[in-house]
Amino acid sequence: MHRKTVLTGLAGLVAAAALGIAGLPAAAQDGEPIKIGEINHFTRLPAFAEPYRTGIEMAVEEINAEGGVLGRPLEFVFRDDQGEPGEAIRIAEELMTREGTVMLTGAILSNVGLAISSLADRREWVYLASEPLADAMVWSQGNPWTFRLRPSTYMQAAMLAEAAAQTDAVTYATIAPNYAYGKDAVAAFKEVLTELKPEVEFVAEQWPALFGIDAGAEVQALERAKPDAIYNVTFGPDLPKFVREGTTRGLFEGREVFGLLSGEPEYMEPLGDEAPEGWTVTGYPWYDFEGDANAEFVSAYQEFAGESPKNGSLVGYSTAKSVAAAIEKAGSTESDAIRQAFEGLEVAVPAGDITYREIDNQSTLGAWVGTTALRDGGGVMVDWSYKNGADYLPDDETVQELRPSE
Amino acid sequence: MTPILEVRDLSRHFGAIRAVDGVSFRLAPGEMLALIGPNGAGKSTCFDMLMGQTDPTSGQVLLDGRDISGWPARRVWRAGVGRTFQVTATYGSMRVVENVQTALMSHHRRSFAAWPRFRRLYRDEAMALLEQVGMADQAGRPAAVLAYGDLKRLDLAMALAHGPRLLLMDEPTAGMAPAERAALMELTAGIVARQGMAVLFTEHDMEAVFGHAHRVLVLNRGEIIADGPPEAIRADARVQEVYLGGGAEALAAEARDG
Amino acid sequence: MGLILAQLLTGLANAGALFMVASGLSLIFGVTRIVNFAHGSFYMLGAYVGYSLMQVLPGAVGFWGAILLSGLVVGLIGALVEVIVLRRVYAAPELFQLVATFGVILVVQDLALAIWGPTDLLGPRAPGLRGVVRVMGEPVPQYDLALIAITPVVALALWYLIARTRVGVLVRAATQDREMVAALGVNQRWLFTGTFFLGCALAGLGGALQLPKGGADLLMDFTILAQVFVVVVIGGMGSLPGALLASVLISVLNVFGVSYLPQSTLVLMYVVMVAVLMWRPFGLLGRAEVAGELGQVGAPEEPIRPAGWPIRATVAAALAVLAALPFWGSPFSVVLATDILIFCLFAASLHMLIGLGGLVSFGHAAFWGGGAYVAALLVARLDVPMEVAMLAAPVGAGLAALAVGWIALRASGVYFAMLTLAFAQLLWSLVLQWGAVTGGDDGIVGVWPADWASGNTAYFYLALALSVGGILALRHMAHAPLGYALRAARDAPLRAEATGLHTRRLQLVAFALAGTLAGLAGGLFVFSKGSVFPNELEISRSFDALIVVFLGGVKTLSGGWVGGAVFESAEDLLTRFAFWRLTLGLLIIAVVIVAPEGIVGAARGLARRAGLTRDADPAREDAR
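Protein chains in written order, with this note's numbering: chain A, 1 to 406; chain B, 1 to 258; chain Z, 1 to 624.
Calculated from the structure, these hints are not laboratory results.
Where a beta carbon is used, it is the ideal one built from N, C-alpha and C, also for glycine.
One should not assume that every hint holds.
Said to hold, decoys possible - Partial selection, computed: residues in chain Z whose CB lies under 10 Å from chain B:
(1) P303
(2) H502
(3) K555
What the hints assert, rightly or not - Covered stretches of chain Z (in silico footprint by chain A; criterion: 3 or more residues with CB under 8 Å from a CB of chain A, positions within the stretch not fixed):
(4) 217-230
(5) 506-518
(6) 574-583
Required output: the full structure, derived from the provided sequences and hints.
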């Protein structure tokens with residue numbers, strides 16, 4: 001009897017899927033919402049993706065309260081890709097051909113972003129890669145249909161390299177996850193720092209497996225090289241392990257440490273009162289804004305979400321604002337019109353006015369650079385300043401070389 | 001007459017244990033030779049070496065004068081040796097006739113063929129073999145549901161599929177009811193007589209041994225202690241001693257219990 | 001000298017948690033013969049439960065008490081899983097139970113997210129053990145020393161339990177000879193439940209013990225699983241001393257690897273694994289598997305026969321409807337159907353290997369991803385046209401399968417499965433870490449079909465032709481001599497050898513063929529997505545295929561593709577909802593319990609009861 005029930009259930013599932021297959025794309029009509037397809041790793045990286053989603057939801061609420069876009073409400077359709085590029089591609093197809101979305105946004109992992117970007121280029125759909133950091137997104141694999149909001153690996157590494165060049169440290173050791181983001185981050189830091197200060201020397205490079213760090217061994221290996229300074233790119237569950245072992249074994253004593261993204265709340269908060277002190281990091285010091293657009297955003301977000309904003313919240317919010325601005329500028333929901341609108345688009349986001357550069361589709365959103373400290377049992381950034389993304393990009397000629405597609 | 005099988009000084013040692021130690025014998029065409037001995041005497045090891053399932057430590061196995069010692073089982077089979085198993089080995093997921101067809105297909109070297117339909121291949125030959133062992137009426141049943149005695153007969157049909165000149169039977173009647181035992185041995189004897197093949201079999205059932213073997217080899221602790229016609233073996237004092245320290249009763253008891 | 005000693009100590013400290021998780025997995029396998037894919041989930045639960053308890057319980061007593069308690073709690077959860085789910089499926093085909101444990105993984109993932117939230121939790125530090133001890137001038141954390149001290153205590157306790165108590169006698173008996181336990185009149189049910197309790201408790205203990213060195217996060221389950229498999233396989237499945245030896249070996253090797261080969265940490269582990277297994281296929285201290293020990297349990301497989309005309313007509317009609325999909329379905333349905341078709345081919349290839357060959361592979365993703373990478377590399381690096389790349393994918397994957405199979409077939413049963421896993425992981429780590437050629441995890445992007453196949457509809461027809469063609473070819477093969485020879489080698493290997501069949505070569509052919517078709521599916525996949533990334537070679541991809549095959553039904557001819565179609569559709573449907581993993585996990589567990597013979601097997605049973613098909617034993621059916 002049981003058997004029959006479950007089989008019937010399964011048959012029902014298949015039938016439901018089949019019905020779904022036959023569904024027709026919703027025709028876009030006046031007054032109907034303008035839909036945006038948002039693909040992200042909601043189950044794989046919920047700690048990063050959820051604040052981002054909330055940021056979008058808040059922006060959408062604001063936008064619609066002000067009359068929407070082109071007189072129509074804006075709507076984001078969120079879909080989970082489990083962090084798998086293959087899934088993301090299928091979902092992108094579904095969003096664009098069945099859900100009737102007019103463009104795509106999303107992804108945090110660079111490989112997913114690159115996969116969607118390649119599809120967008122082929123199908124001539126606009127894709128705003130909001131969070132993926134890989135330089136390849138807009139450079140080596142860049143294409144006319146893909147735009148990127150967040151400051152890239154190169155830009156953030158360059159910000160830290162600038163800070164590093166002003167210290168006395170000469171010998172550096174690096175530690176970065178053994179995957180593309182880590183490699184890019186180390187390469188960019190080396191390149192910019194060596195340019196600014198040719199006498200620096202890199203004495204050790206450590207490449208722990210992503211999310212599989214053997215922290216004790218890594219710390220010993222770094223200590224063995226006796227560097228003046230350490231450049232850290234580890235993140236996620238690797239970072240607390242590295243920080244704890246390093247602190248316990250005294251690795252950071254008397255050394256300059258530069259941490260890429262380490263100041264973002266997503267990374268800092270899990271460390272609690274064990275957050276490292278005195279690191280130079282890029283991040284998002286939401287707690288210290290006063291009297292500017294950033295402060296307004298923070299308090300509005302806290303009211304909206306009932307929790308403090310993360311970096312992802314800011315990116316999500318800015319994503320929705322950018323999308324709305326582009327469609328408004330395009331005056332249409334046609335893909336090519338939106339694409340053209342994005343070229344050189346200027347948007348006001350909490351961090352300031354940003355531009356989507358025509359030369360490489362990268363936005364000029366920047367990041368905050370500061371020093372870590374402990375306050376009320378948690379890590380914060382102090383002595384921070386906002387670095388405009390536009391100042392940390394290579395010159396136009398170099399960019400053109402880096403971007404073969406245009 | 002050239003022997004079909006000649007075993008020369010065959011030994012198998014497992015560490016210090018001499019499972020088979022210097023065994024030699026010959027087997028002529030048309031002869032049924034029984035290999036008996038108490039449990040642990042080395043019968044199975046000996047059998048496995050003949051069939052290529054265990055490598056000898058030393059010594060030779062000659063088939064038609066050709067040294068086949070150390071050959072893998074499948075090559076020994078191709079050289080014309082078939083075997084049946086003590087615990088029947090048939091393909092449970094196939095029908096009876098398909099079991100035999102599989103053996104035939106191997107004999108015709110078609111086992112790697114991916115195109116032809118198996119169902120039609122060698123069907124008539126397979127049915128003829130089943131006929132021979134009296135299983136034709138069960139050809140379409142799954143082998144997994146057969147009664148034990150029928151499995152033994154199927155096993156025999158498979159062993160005969162390539163028309164072997166030497167048949168090795170490991171306890172052919174083990175686990176069968178007395179009436180079935182006699183029938184199976186009659187059947188085997190008839191086939192041997194018709195086809196002129198040689199048979200070497202191990203057996204616990206003394207009725208089967210003394211009723212059908214032309215010659216009996218007695219193995220104890222890895223060595224041959226007697227070799228001769230059944231009557232002589234029955235009278236052999238050493239054999240009686242081995243079977244529970246003497247006395248014909250013991251031998252008779254062994255014959256009764258199997 | 002001091003540094004080397006300190007590194008050695010780091011390695012030994014790392015070995016602790018690893019040993020506890022690995023010994024639990026090994027114990028469970030040894031006694032119940034279940035490969036517990038969910039073992040990493042119990043480790044993760046141990047970390048989360050331990051974290052929560054440490055928030056409540058104060059001081060040093062609270063800290064250590066919390067660790068012991070989390071072992072207990074996780075052990076109880078494990079026992080519960082055994083009683084509710086696994087106990088019902090011991091009679092199912094070999095290794096079928098791992099499907100249920102996969103369902104448990106999904107359920108635990110969503111429950112942990114719901115209970116503890118998405119943010120990584122930083123583990124509390126051990127009270128009184130925050131500092132370092134100087135050993136020959138090198139700093140060694142006090143907690144490391146505590147771990148080094150605790151591990152032998154746990155190992156000794158386990159040894160005592162197994163070597164000196166009645167329970168231990170039973171455990172050893174069960175590990176060495178299952179029938180003996182039954183003969184001893186032991187209540188096997190409680191022995192199994194108890195073993196599950198102990199094994200999961202060890203995993204929970206390991207999870208809680210590592211808290212001061214890290215914390216709890218939602219990715220821990222799979223991260224540790226790969227490592228634990230490596231340890232258990234190197235040590236020998238079912239061997240506790242082996243697990244200890246291998247944990248120490250791997251951990252110490254890792255520490256030195258980090259210092260002296262920092263780029264190749266992942267590869268190193270799998271190279272060691274493959275090397276050990278080539279030398280000793282059953283692990284360092286493992287025991288060779290007795291042939292047939294894990295043999296098919298449950299009802300014997302039914303004989304097959306080519307489909308009659310009603311079924312052929314139905315299939316032809318269904319195919320016609322499917323082929324007309326672009327005319328009646330939505331544009332997206334064509335994309336979804338393409339994905340499902342490709343996955344069905346992948347599943348069918350593994351199903352052939354398991355169903356006909358009796359060879360369970362845990363690493364089939366190697367050939368799927370391998371084929372995809374062959375095609376993508378040819379296109380991206382050598383600018384080869386799609387047609388050639390699409391041909392090269394199955395050829396390349398087939399050749400790889402030939403090489404892997406040649407080595408892996410030295411072992412059988414679960415060791416064979418583990419060897420295939422080792423090779424798949426080796427390939428994955430190579431692709432991941434050899435970025436110059438493979439693009440690392442940035443993958444290979446921009447691999448799109450040739451113009452004639454570039455539309456979604458055109459590509460759908462290509463996928464339809466190749467997938468359905470491949471599946472029909474496999475089916476045809478099952479009815480050809482090769483299919484029967486394979487089943488002969490699986491049903492009774494000794495008999496097969498004794499009737500002239502070269503069983504190992506047959507199995508190698510099956511393995512290469514499965515690899516070839518998986519490679520074809522991989523080639524189709526890469527052009528449908530335009531890109532390929534290392535996750536196509538991950539363990540979880542191999543698991544996907546495995547789960548699908550078992551869910552579809554091993555002892556049927558169509559289980560592979562049916563399972564693939566149902567699973568892919570269900571997943572596509574469910575991922576639209578929150579907590580879809582929980583739902584999918586429960587669904588899988590339900591199918592496991594209700595239909596241990598798989599979807600197709602259960603459907604056949606139903607059809608028979610309803611009088612739609614005849615019984616399997618028509619005495620004279622074939623005598624015509």
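query: Has the segment 506-518 of chain Z got at least three residues whose CB is nearer than 8 Å to a CB belonging to chain A?
result: violated (count 0)
message: Z/P303 was flagged as interface toward chain B. Is the shortest Cβ-Cβ separation under 10 Å?
response: holds, 5 Å
query: According to a criterion of three or more residues whose C-beta lies within less than 8 Å of a C-beta of chain A, is the segment 574-583 of chain Z covered?
result: holds (count 4)
field: Given hint Z/H502 near chain B, where the shortest CB pair must fall under 10 Å
entry: holds, 6 Å
task: Tell me if Z/K555 is really an interface residue toward chain B, meaning its C-beta lies closer than 10 Å to one of theirs.
output: Result: holds, 8 Å to nearest chain B Cβ.
- prompt: Are three or more residues of the segment 217-230 of chain Z within 8 Å, CB to CB, of chain A?
  reply: holds (count 6)
Hint compliance for this structure: hint 5 alone is broken.
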